[in-house]
Each structure stands twice: as structure tokens, then as C-alpha cells.
Amino acid sequence: MNDEQLNPLGLKNEVDRRAFLKGASVSGLMMMMGGTVLVPTRQALGADAAETKRPATPPLKCGIIGCGAWGRDLINTLGQLPNAPITAMCDTYGAYLRRAARSAPDSKQYEDYTQLLADENVEAVFIATPTHLHRPMVEAALKAGKHVYCEAPLAQTSEDAKAIALAAQGATKLYFQSGLINRSEPQRRFLLDFIRTGAWGKTVMSRLQFHKKQSWRRSSSSPEQERAMNWRLDKTTSLGLIGELGIHQLDMASWFNHARPKAVTGFGSIVKWADGRDVEDTVQAIFELEDGSSLMYDATLANSFDADYEMYYGTDAALMVRESKAWMFKEVDAPLLGWEVYARKDSFYKEVGIALVANASKPTTTSDKPEAEAAYTNAPLKYALEAFISNAFNHGQAVKDFKESFGEDDAALADYLKDLESKRLPAAGYKEAFEATVLVIKANEAIQARKRIELKPEWFELT
Amino acid sequence: MKMIRLLPLLTAALIAALPAVADSYKARPGSSIKIAGTSNIHDWTVESKLIGGSMELKGDLAKAGKVDATAEAKISVRSIKSDKKAMDDIMHAAMKVEQNPTVVFTLKELTAQGDLKFEAKGELTLAGVTKEVKFPVTMEKIEGDQLKVKGVLDTKMTDFGIQPPAPNIPGNPIKTADEVKVTFEWLTKKQ
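Which chain is which? The protein sequence lines are A and B, in order.
Residue numbering for the first sequence follows numbering that gives the first Met the number 0, beginning at 0 and increasing consecutively.
Residue numbering for the second sequence follows numbering that gives the first Met the number 0, beginning at 0 and increasing consecutively.
Chain A on its own, in the form it takes in the complex (with noise of 0.2 angstroms):
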């Protein structure tokens, strides 16, 4: 991983991460523990394999709409495919619109989002406004015929995110994608197939944690312009640290259990920031699962020890997931599941773990570089970008194949479509996203209020 490349969370690693990791954190705690890492092999993967030489599809003109931070990134990503050029973008504030130009000269710009829309040289659209600016947007997007890629969470209420689902759901002439990036990454969906071959045993708990000492504020020399900046630290327009943030890895918890939480209880407080914010800078949620198992998140903008990472405890082994790469570390009365002999090992202070990584398959060696090469090293973004350009275009391509060989008939042209979701690269639809958003609302709105919520079931139902 290189220094521009985001973590799994999407975003830069402001703090020396990195160098804390790879000189006292990994191999410290590698010799401290001892565990195997989980990377995939080309071979696993199938046929993917090849996707690094595959031709792309044909261009699909992208249309950019917030260009803050992470509409930047979704630019300059997008300048890495050879088959998205940006032909548009937006933003209210004419600093973030100048400075996201520079990296898409060819580009239009534009103020007003409905500009864009109305543009026929857009045929996709990213939105990477503010969480709770999403809803309009979309559902003009969609009506003005755009293929869609809307940021996580979907919205800032229920009602918001269910309006965005059930409208990416009617338009089934057109692609919907979310920004639960994590869910394209194909050594993430290597763990997956991992996971559901039991080899944890029976889920114990899991444990989940994203700590960066940073202030999250944004500076503006307009008090007006700061202040709608800083939306994330607005309790009115803003989901906290497990909305903003953790819904990534709940949304993972969720994907690798094969469950929904049926109840959360949370905590949060402002330990560092007391800037005038009313947003927690540390929070905490526990969430129970129906297997009696148990899910615990922890964020914290006012400390950076450990970063980010993702434990799962069963009862034979137990799996850490950091970034892209993946140890399983084994009881000792856990079953030989036999290639585990060959895999590469690396020490985690006194555990040993087994390494899940392309090299997996051979010779056993013990070393002190957990950072083992990893088939797959883009930024999940770029990932989950190629699938929604890729997608995007094979939907409407699709859309018009069908209606060239038998005209207008929606009924079938649907089961069509359907019929093609399982051929489509990795990607997050509004299904995953409308659940994960619910759970991290409802999660936040137990942190609010520091007390348990029951989770019914009827909240993630899309009618």
C-alpha cells in the first residue's frame, strides 16, 4: 500500500499509521500473539484473476456531486479506470468546485446539482454530499434517467433511507450502487468464503474498533461555509463516529455473521473535542446477536492506538482482519483443517497466526514481516469504482439489448435483469446499504440516549 491509498474505511491515513504498525504495532503484536494471515490466491479467486488484464468495459461519462474530500478521492479514482471519464461535477462552494477541477479539466462544473442532471453528457452520477443531503438528489438522479453511486449511509433518518431504497429499487432500468465499499475488495470476499466454511467454529463475539486521534473539523475563513463543512459534528445532520465510520465495519460484522443484531446499547461522550461540537468524539456500542453471540464497537477521535481492525472469536479459532490482510489464530484443541500446515505463519507476541494470503499454500515459514504480498493491493474504492462503471454500463446495455430483441415489455425486461444480478462484479445495492444504514441510525440513537434498543425487524423492511 502505497502512502496516496486510502484504509478499508475510505479514508487517508493522516496519522503515521503505517509506520506504527509496520515498526512496533504488527510485528510487536505478531510476536506478542502469533496468527495466520487470510489473503486470497488468483487460483480462489477464479476466473477474477485475470481482472487486472481484462479489457474494460466501454466508457460510461461520470457526473460528480459534492466535491469535498471524498468526492475528490472518487475523482482522482476514477482518473485511475480507463473507462470513467468525468464530464461533470458540483458543489456549492466554488473552493471545493475549483480545486476538484484541476484533477478532471475536461469537466463542466456546476452549482446547482439539477444542472448536472439535466446534463446529457452524464450518464452516471456520484453523490458524495453530506449524509443527509443524499435523498433528493438521488431520487432526481433516477428520475433524470442517471445511473447512481450514493455514499454510506444512505441518509440521516430511516424514512430518508427507505425513500432512497425503494426508489433504486423501481428504477430497474437503472444501476444502484452504495458506497459500502469493502464489499467489492475480492480478499474481503475471499474471508467471506472463508468464513462460511466454519473454520472459527461456532461465533463467539466480535470485536470491532476504529481509533485515530484527529480533530474531524474542517476550517473555513467563512463562518457560514465552516459551519455547513462541519456537518459531521451537528448532531441535526450528522450520524457520529458509528454512522459515519462504523457503518464500514458493521456493515462487515453483518456480511461475515450471516446476521442482523437483534438489539444495540450504547454510550458515547466528548473526552477531547469539547469545541463547541455536539457529536461524540468516543463512542461505544454493543450489539447481540441472535446465536447469543455478541458484536462490540468502539471509535474514538481522541486516541490512535491500534487504528482500525476487526476481531471475530469463535469457538476453534479466532480471525483479525487489518485492512486487506487476514490471520487466523487457532485453538489448540481446534480440528487440523490441514493446509493450515503449509501456511505461512507469522508471531503475534505469543500466539502464532496463520496467515490467509496468496502464498498461503506454501512452505511453512516463520517470519517477522506480517506484511505478506497480497494478490489484490488497490484501494477497496478503486474495486468498488471498476464495479459500478462496469455494472453501470452491462445494465444499460442490457436494458437496450432487450428491448432491441422483443421492445418494450417491463415485466420480463425485470426478470431479465434479476436474472443478470448474479453475473455483475462485487458491489453494495440499496439492500445492503438500507440495512447497514438502519443499524448504524439505530445504533447512534442508542448512544444518544446511552440505553438499549430492540432491533424490529420491521425497520429493515423495504415496502
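Don't read these hints as lab results, they were simulated from the structure.
One or more of the hints may lead you astray.
Said to hold, decoys possible - Cross-link-like lysine-lysine pairs, in silico, DSSO-like; alpha carbons within 27 angstroms at most: (1) 189/B to 399/A; (2) 180/B to 83/B; (3) 201/A to 344/A; (4) 402/A to 73/B; (5) 381/A to 83/B.
We have chain A already, so just place chain B on it with the hints.
Structure of chain B alone, referenced to chain A:
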């Protein structure tokens, strides 16, 4: 009374004397085409559910002999897919999808062999190359004025100037066999 008895015969004779009217059929959803082949690592199949086009048939299909028929079937190359996105991309590139986005079959001759079994001869245009092909087909009448045409064609990729894909995956080079079997079911409805 005699006239009344003769009326059906006269009517039948009159109808027989009129030129036969062709039945027009148009493609509708419910079709499928499968292309199957093999490689040094595994057998493979790609498929599409879109077969567009139309057909005109005149005369008694159950009677052996030449059938007065015209037909053109079209398939979008991009609609032909496997379960692997990477394989699709490689296949579409091999079929030169950018320059030749559609596979077209134009019927030239249809010979009935009885029991709704036929031999079809026609031109198949694929990847910009047109070749004459011949293959057996059967027809099945389905309720709602629908006609399903089924057939199988054995051919080679190189007949159409397509080099069998050989993705260069390090440590695992793939070699694809030239021969492919095309199986289709084309659902049409009388207009």
C-alpha cells in the same frame, strides 16, 4: 340440397386456389442460447436469453420438403455471459464486440423432414465473418400462437476468425479448444 353438400368442397377448392398467406412470428422473451466448449482446465458454458428477430413461414410445416420460409435471428454479443465476469470480458474481446456487437443468422433454406423436424441452412455472421452453416432444428407449437424453434450447431471459433482465448494467468496458462457446441431455443409468437 346438392349445392349445400358441395359448398364445403367448393370453399376448400377456392381457398387452395388462393396464394398461401405467410404466418409472421416475432421473437419474444423465453429464448435461450448456450455455447459450450472445453479448455485444459475445465469445460465452460456461456449463455444468453436474448434472441431477437422474426420469421415468416408459409405452407404445411408437417409435410416433408422445402418450406417457404424466411428468418433472421439476432443476438447481442454483450448479452452472452458466463458466471465469471473476467471470462465474459475475454470472450467479448475475442468476438470483437466493439466492431461487431451483434451475431446474426439469416435463414436461406428450410427443409421439412416430417414431425416438425427440419434442416436449416443459412448464413451466420459472427465477429464480422459470415459463414454458411447447416444444422437440424425442431419446432414445437405452444399455446398462445407461439412457436419454439430448437436447434444444435457444432462449429469452430476459427471458422469465424476467432482465436480460442488463451488468458495468460501466471503459473496457470489456459488453452481453450477450438470446437464449440451451440444449442438454442428460440421462442416466437405469431403476429
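field: Enumerated hints in conflict with the structure, sorted upward
entry: none
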